[in-house]
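Protein chains: 2
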Amino acid sequence: METTANSLVTVEKSKTSKIDQVDFDNLSFGSTFSDHMLVCDYKNGAWENPKVVPYGPVSLDPSAKIFHYGQSIFEGMKAYKDTEDSTWLFRPLDNHKRLNISAKRLAIPEIPENYFMEGLKTLLKVDEKWIPKNEGSSMYIRPFIFASGNGFHASPANEYKFMICLAPSGAYFSGKVKVLIEEKYSRSANGGVGFAKAGGNYAGQFYPTQLAVEKGYNQVIWTDDNTHEYIEEAGAMNIFVRINDTLITGPTSDRILDGITRKSIIEIAKDENINVEVRKLTVSEVVTAAKDGSLKEMFGAGTAAVISPISGFGYKETDYDLPELKEGFASLLKKRITDIQYNKAEDKFGWRYKL
Amino acid sequence: METTANSLVTVEKSKTSKIDQVDFDNLSFGSTFSDHMLVCDYKNGAWENPKVVPYGPVSLDPSAKIFHYGQSIFEGMKAYKDTEDSTWLFRPLDNHKRLNISAKRLAIPEIPENYFMEGLKTLLKVDEKWIPKNEGSSMYIRPFIFASGNGFHASPANEYKFMICLAPSGAYFSGKVKVLIEEKYSRSANGGVGFAKAGGNYAGQFYPTQLAVEKGYNQVIWTDDNTHEYIEEAGAMNIFVRINDTLITGPTSDRILDGITRKSIIEIAKDENINVEVRKLTVSEVVTAAKDGSLKEMFGAGTAAVISPISGFGYKETDYDLPELKEGFASLLKKRITDIQYNKAEDKFGWRYKL
Chain A
2 METTANSLVT
12 VEKSKTSKID
22 QVDFDNLSFG
32 STFSDHMLVC
42 DYKNGAWENP
52 KVVPYGPVSL
62 DPSAKIFHYG
72 QSIFEGMKAY
82 KDTEDSTWLF
92 RPLDNHKRLN
102 ISAKRLAIPE
112 IPENYFMEGL
122 KTLLKVDEKW
132 IPKNEGSSMY
142 IRPFIFASGN
152 GFHASPANEY
162 KFMICLAPSG
172 AYFSGKVKVL
182 IEEKYSRSAN
192 GGVGFAKAGG
202 NYAGQFYPTQ
212 LAVEKGYNQV
222 IWTDDNTHEY
232 IEEAGAMNIF
242 VRINDTLITG
252 PTSDRILDGI
262 TRKSIIEIAK
272 DENINVEVRK
282 LTVSEVVTAA
292 KDGSLKEMFG
302 AGTAAVISPI
312 SGFGYKETDY
322 DLPELKEGFA
332 SLLKKRITDI
342 QYNKAEDKFG
352 WRYKL
Chain B
2 METTANSLVT
12 VEKSKTSKID
22 QVDFDNLSFG
32 STFSDHMLVC
42 DYKNGAWENP
52 KVVPYGPVSL
62 DPSAKIFHYG
72 QSIFEGMKAY
82 KDTEDSTWLF
92 RPLDNHKRLN
102 ISAKRLAIPE
112 IPENYFMEGL
122 KTLLKVDEKW
132 IPKNEGSSMY
142 IRPFIFASGN
152 GFHASPANEY
162 KFMICLAPSG
172 AYFSGKVKVL
182 IEEKYSRSAN
192 GGVGFAKAGG
202 NYAGQFYPTQ
212 LAVEKGYNQV
222 IWTDDNTHEY
232 IEEAGAMNIF
242 VRINDTLITG
252 PTSDRILDGI
262 TRKSIIEIAK
272 DENINVEVRK
282 LTVSEVVTAA
292 KDGSLKEMFG
302 AGTAAVISPI
312 SGFGYKETDY
322 DLPELKEGFA
332 SLLKKRITDI
342 QYNKAEDKFG
352 WRYKL
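Those protein sequences? They're chains A and B, same order as listed.
Residues in the first sequence are numbered consecutively from 2, following our numbering.
Residues in the second sequence are numbered consecutively from 2, following our numbering.
A couple of the hints might just be wrong.
Since the list gives no way to pick out one identical chain from another, each pair is judged satisfied if it fits inside one copy or across any two copies.
With a cut-off of at most 30 Å between alpha-carbon atoms, the simulated DSSO-like pairs for lysine-lysine come out as follows [unchecked claim]:
id, residue 1, residue 2
1, Lys44, Lys216
2, Lys105, Lys335
3, Lys185, Lys281
4, Lys185, Lys264
5, Lys216, Lys98
6, Lys349, Lys14
7, Lys79, Lys130
8, Lys349, Lys327
9, Lys297, Lys126
10, Lys98, Lys79
11, Lys292, Lys335
12, Lys355, Lys335
13, Lys185, Lys98
14, Lys271, Lys98
15, Lys105, Lys317
It is worth saying that the hints were derived from the structure and are not from the lab.
Looking at chain A on its own, in the form it has when it is part of the complex:
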């Protein structure tokens, strides 16, 4: 057992490493895990000191509230290697802030910033060799908190676990995605938890997404639950639409996640002198634009998928294809943001964070 300089985070190193078993040239998304993980317990009204320990199973009582009442939240982040072998994070304090926004809504105790940041940095340093160096690959970082306290009473748990796991990963989607604009099912309610990265927001999307996949689509674009007329988000991504030369995305709300890639893309697009509109966007506006040819591009934006170009969408049993653009906004913005993330270009926004 060794402790780090600041002594907030203790480190217990694994006796063996699995790194030699990993094919870094053929990484899928989020299915390979590094040698260590961060664990931090909430007990007796306080977060205990974070610990880096060997990656391994979590043991819970069958009555732990995570199994019954869905009290769980998470974040998605990435670490990037540059050509000098330095490691970079992207706006990590925003992830910490958002995790606590989710925590509050789910009645989970907030995690102090230094526990999050020192825990994260210590873990990444211990498993730094695991960060992929291949083009398009990165270290996907999954901080999460769940209710580990026990009992069948439907009320908040008295114990929680904050953990961080590391998954060296390739692309989330391979190629362009075809989406279905949803007319029946919904992702979130007004006054609900749609803005939080709460576990339950994801489980509710799986069945409607399966139905869409059976029809030949990759993802669902969610609309508001009352009229199904307003475009919200795609579950794992925020949605951007380009009509003529204007880039449009919906405003965040209590139904839509305040995506870090989303807000970064808005700033980069403005910096590129692209006309950006953050406003409510109707399905009929998008359909009309698809019909008259003014719909030039659609893409999703999120940490896992980065920028994911959409090849076409389905709506009311009709498919609409988008044009093939060589030099669209999506490819321009993706290059700008990944160049910042991988330390290939100037970071005028101050988003890069050196490990």
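Dock chain B against the given chain A, drawing on the hints supplied.
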């Protein structure tokens, strides 16, 4: 290792029992667990045979999808002892049916009826001594299914665990409850998962309920997320309102749980020649009735809380008290349903199920 007659369920008995440590005269709700539990794994596309094993911790990979994507569903049931020491269940096949309705919406594989019923009966027989005999106590039964498969891709798991745990329990609420009619937060969306017993439906209620508790209320009555004008349910209970001599409850929908206590109460009330209306119920109707004195009773109905009389409600910063009734519908209906459950009266509906 012994197997039951039907050989579907294997039994591994605990070498020791915790039963002597339990004070059956002072049971709280859902915090004492019996010696055994049922475990049934879904792997390689099929549910494996259910096993009764000693109650003990569940070990999961940190990437198990239950921790990240909220894929979990549950049921609440009870077993009752009569004065002859026979054990009774109440409409257990309805719980199995509803578990599979929840499973479908959460993209969880459905559990076969015989796995559910034989697993449940075998477990109850092994731990039959744990079923409380005290007035007002019962064995709370918690069947649940969660995603045990691994990976950070936001998609359904490929492995699941179906489990049943037993918690000898006293009352869920002690005394009458005071409720707050919600004007801002919501429990469910049109096209969402509100009708399912999904974990995420509960986590989302904790924070608004905490806010209500801070104001002196016990529970929140949820309203629709669009207008907050229609009364839906109380999260752990369906809601009944008595205006003059008419008993009113909202219709089930994709936002409201199809409660087994709810539908039983409707049938018993009809059998008592009470005028029952299953229709949309507005907040303004209830407030008007409270003001003019025609609001006689409100109560919640659910497996855990049985029938829980409401002493008053808050709405728009005003509190409305309900009259103290000696012989109201709530006490009559509670007696009728618990007499059936505890085998104290004829069961003309065929709901009782002998173990």
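Given a CA cutoff of 30 Å, do Lys185 and Lys98 count as a within-copy pair, a between-copy pair, both, or neither? between (33 Å within a copy, 23 Å between copies)
Within, between, both or neither: how does the pair Lys98, Lys79 come out at a Cα-Cα threshold of 30 Å? Close inside one copy (16 Å), not across copies (42 Å); limit 30 Å.
Using 30 Å as the alpha-carbon threshold, which applies to Lys271 and Lys98: within, between, both, or neither? within (24 Å within a copy, 53 Å between copies)
Checking Lys216 and Lys98: alpha-carbon separation at most 30 Å within a copy, between copies, both or neither? between (38 Å within a copy, 28 Å between copies)
Reference check for the pair Lys297 and Lys126, CA-CA at most 30 Å: within, between, both, or neither? neither (43 Å within a copy, 66 Å between copies)
At most 30 Å between CA atoms: does that hold for Lys349 and Lys14 within a copy, between copies, both, or neither? Cα proximity of Lys349 and Lys14: none, with 38 Å in one copy and 66 Å across.
Cα distance capped at 30 Å. Does Lys349 pair with Lys327 within a copy, between copies, both, or neither? within (27 Å within a copy, 73 Å between copies)
Status of Lys335 relative to Lys292 across identical chains (alpha carbons, at most 30 Å): within (27 Å within a copy, 61 Å between copies)
Tell me, please, which holds for Lys105 and Lys317 at an alpha-carbon limit of 30 Å: within, between, both or neither? between (38 Å within a copy, 24 Å between copies)
Quick one: Lys79 to Lys130, C-alpha cut-off 30 Å, is that within a copy, between copies, both, or neither? For Lys79 and Lys130, only the intra-copy Cα distance (15 Å) is at most 30 Å; the inter-copy one is 53 Å.
Checking Lys44 and Lys216: alpha-carbon separation at most 30 Å within a copy, between copies, both or neither? between (47 Å within a copy, 26 Å between copies)
Checking Lys105 and Lys335: alpha-carbon separation at most 30 Å within a copy, between copies, both or neither? neither (32 Å within a copy, 37 Å between copies)
Hint compliance for this structure: hints 2, 6, 9 are not met, and every other hint is.
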